[in-house]
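All chains, full assembly: derive it from the sequences and hints.
Going letter by letter, the sequence shown gives residues 66 to 182 in this note's numbering.
Derived Cβ-Cβ restraints for the label pairs, each shown as a range: (1) Asn149 - Asp68: 18 to 28 Å; (2) Gly144 - Gly89: 26 to 36 Å; (3) Met170 - Pro108: 17 to 27 Å; (4) Pro154 - Asn85: 38 to 48 Å; (5) Ala78 - Leu140: 16 to 26 Å; (6) Val130 - Glu77: 52 to 62 Å; (7) Leu140 - Pro174: 21 to 31 Å; (8) Ala92 - Glu141: 17 to 27 Å; (9) Ala78 - Ser150: 27 to 37 Å; (10) Arg72 - Glu100: 19 to 29 Å; (11) Val130 - Pro80: 44 to 54 Å; (12) Thr73 - Leu101: 20 to 30 Å; (13) Leu75 - Ser114: 26 to 36 Å; (14) Glu141 - Leu79: 24 to 34 Å.
Straight-line Cα separation of at most 25 Å, DSS-like style, residue types lysine-lysine; simulated pairs: (15) Lys173 - Lys127; (16) Lys135 - Lys153; (17) Lys173 - Lys135; (18) Lys153 - Lys173; (19) Lys167 - Lys127; (20) Lys127 - Lys153; (21) Lys167 - Lys135; (22) Lys153 - Lys167.
For the record, the hints were derived by calculation from the structure and aren't laboratory data. Just so it is clear, CB atoms sit at the ideal spot from N, CA and C, and this is done for glycine as well.
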Amino acid sequence: QLDPGSRTLLAEALPPAELNLSPGMFARLQLAVAELPEALIVPDAALLSMPDGSTRIYVLEKENVARLRKVGIALENNGVVALNSGVKPGDQVIVRGHELLKDGMRVKPQNLENEQR
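This is the structure in structure tokens:
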């Protein structure tokens, strides 16, 4: 059972012998606790926290119009977020410069796929 205060749980691991772990040693690990087959992954930099407590992102629509959408977060990890509502496969999410946008504003998109991260 997960302790909500410390965000820890006691677990026993049986690592492969080639790792040469001894009793009393510790390790950090990440466990997959749920499968999210319908979730879409976006960089956490795309998220905007709103005053009402909701989370939103800008999506690029037809004719290069930025639309603000409320999203549901299923999981956050290592700079990416799994969204379970508000976006669909194929949506183009605006990751940079979105702090200056207003809903319905026309934008000039730039492709970041070839940029080093």
